[in-house]
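> The opening residue of the sequence shown carries number 549 in our numbering; numbering runs sequentially from there.
The set of hints was computed from the structure by calculation and includes no laboratory data.
Here a beta-carbon is modelled for each residue, glycine too, at the ideal position from N, C-alpha and C.
Possibly wrong hints are sitting among the right ones.
To be verified - Simulated crosslink set (DSSO-like; lysine-lysine; CA at most 27 angstroms straight-line):
#  : residue 1 : residue 2
1  : K696      : K575
2  : K660      : K605
3  : K660      : K551
4  : K605      : K551
5  : K660      : K571
6  : K593      : K605
7  : K593      : K551
8  : K593      : K660
9  : K551      : K602
10 : K602      : K696
What the hints assert, rightly or not - Using C-beta positions, here's what the derived DEER-type ranges look like:
#  : residue 1 : residue 2 : range
11 : N589      : T631      : 19 to 25 angstroms
12 : P604      : G639      : 34 to 40 angstroms
13 : V552      : F667      : 18 to 24 angstroms
14 : P573      : L649      : 26 to 32 angstroms
15 : S635      : K605      : 15 to 21 angstroms
16 : W555      : S638      : 37 to 43 angstroms
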Amino acid sequence: MDKVILWFSLILGIALFIFSLRKQPIKNWLLSFLLTAYFANIIGKIVVDLNLIKYPKLSNNFDTGNLYEIFLFPVIGIYFYQTSYRSNLSGIIFQCALYTLGLTISEIILLKYTHLIEFVNWHWTYTPLSIFCFMLAIRLLLELINRKNE
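Use the sequences and the hints to build the structure in full.
What follows is the structure in structure tokens.
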């Protein structure tokens with residue numbers, strides 16, 4: 549069942565990625581994707597190396613964390629950026645909280661009913677804070693980059 553969930557997630561992620569690039573400014577959406585993937589991969593590697601979370605290996609070079617950190621989370625980051633693109637700070641914070649809630653609920657469900665993620669020295673309550681801070685930091689970084697380009 550876990551492999552079915554991963555394949556479904558990959559296909560859904562590809563479709564959502566393609567769909568997210570339908571409107572302008574594509575440059576901003578791609579920058580959001582790449583920054584999120586870059587920093588999520590670094591932080592994810594640190595979290596795994598510190599033995600806080602463990603992801604099962606699907607093959608010698610691929611674990612479930614890679615799919616989430618390098619692809620699915622950045623796709624979600626594009627949608628967060630798109631929906632908050634014209635928002636003020638309070639709107640950005642509110643939307644960040646909504647996305648964080650959705651991602652946390654998804655993680656809890658996956659943790660409870662699958663073997664796709666295993667908490668070693670991590671508690672589910674750390675997840676909302678880390679996701680919220682990460683998404684907000686990326687969003688504010690993108691805001692700074694766009695202001696520099698104006």
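> Against this structure, judge whether each hint is valid.
Right, here's what the structure says about each hint:
no., hint, result
1, K696 / K575, "holds, 15 angstroms"
2, K660 / K605, "holds, 18 angstroms"
3, K660 / K551, "holds, 16 angstroms"
4, K605 / K551, "holds, 11 angstroms"
5, K660 / K571, "violated, 37 angstroms"
6, K593 / K605, "holds, 14 angstroms"
7, K593 / K551, "holds, 22 angstroms"
8, K593 / K660, "holds, 23 angstroms"
9, K551 / K602, "holds, 17 angstroms"
10, K602 / K696, "violated, 39 angstroms"
11, N589 / T631: 19 to 25 angstroms, "holds, 24 angstroms"
12, P604 / G639: 34 to 40 angstroms, "holds, 38 angstroms"
13, V552 / F667: 18 to 24 angstroms, "holds, 22 angstroms"
14, P573 / L649: 26 to 32 angstroms, "holds, 27 angstroms"
15, S635 / K605: 15 to 21 angstroms, "violated, 39 angstroms"
16, W555 / S638: 37 to 43 angstroms, "holds, 39 angstroms"
The structure is inconsistent with the numbered hints 5, 10 and 15, although it conforms to all the rest.
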